[in-house]
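*Asks:* Start from the sequences and build out the full structure, keeping to the hints where you can.
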Amino acid sequence: MLEFNLTNEKLILFSAKAPQVKHLIDTFISEIKRVKNTHTHTHTHTHTLEDSDYVIAERNFVTDDRSMLNFHKGDVIRLQVMDGLDKYSYGCVVRKKVVFLEDLKRDTPD
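Numbering (the UniProt record's numbering) for the sequence shown: 1 to 110.
Incorrect hints may have been included.
As the list claims (entries may be wrong) - Pairs of lysine to aspartate or glutamate, DMTMM-like flavour, derived with a Cα cap of 25 Å:
1. Lys17 / Asp83
2. Lys10 / Glu58
3. Lys73 / Glu9
4. Lys22 / Glu9
5. Lys73 / Glu58
6. Lys73 / Asp53
7. Lys10 / Asp26
8. Lys17 / Glu3
To be verified - Derived Cβ-Cβ restraints for the label pairs, each shown as a range:
9. Leu13 / Asp64: 34 to 44 Å
10. Leu2 / Asp83: 38 to 48 Å
11. Cys92 / Arg59: 13 to 23 Å
12. Ala18 / Asn60: 46 to 56 Å
13. Phe14 / Val62: 34 to 44 Å
Worth flagging that the hints you see were computed from the coordinates, not collected in a lab.
Cβ coordinates follow ideal geometry from the N, Cα and C atoms, glycine included.
*Replies:* Okay, here's the thing in structure tokens:
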């Protein structure tokens, strides 16, 4: 059995393959922890997986400036290359609100 306490609900998984699921989740978390920090043109921190065109927002950034991207913590942003504008990162939100697995708590013993 695997138990996750999410923000608004508790998720309990019953499976004969719980050890394999736990291994898969642990592997995913270790990969996420290997991320490197980068800055977007909003000067807001995001996490990007190595060799990836995608970042995950670490915190909210909301502005009235239409030239800047609005996003919220957990949004997946696809970075886009803009010719001649190497100083800045450009992107678009491709998926809203992913849950950070390291924010999940597991109350069950190993």
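*Asks:* Now tell me, hint by hint, if it's right for this structure.
*Replies:* Status of the hints after comparison with the structure:
no., hint, result
1, Lys17 / Asp83, "violated, 48 Å"
2, Lys10 / Glu58, "holds, 23 Å"
3, Lys73 / Glu9, "holds, 19 Å"
4, Lys22 / Glu9, "holds, 19 Å"
5, Lys73 / Glu58, "holds, 5 Å"
6, Lys73 / Asp53, "holds, 18 Å"
7, Lys10 / Asp26, "holds, 19 Å"
8, Lys17 / Glu3, "holds, 14 Å"
9, Leu13 / Asp64: 34 to 44 Å, "holds, 43 Å"
10, Leu2 / Asp83: 38 to 48 Å, "holds, 47 Å"
11, Cys92 / Arg59: 13 to 23 Å, "holds, 18 Å"
12, Ala18 / Asn60: 46 to 56 Å, "violated, 35 Å"
13, Phe14 / Val62: 34 to 44 Å, "holds, 40 Å"
This entry does not satisfy hints 1 and 12, going by the numbered hints stated previously.
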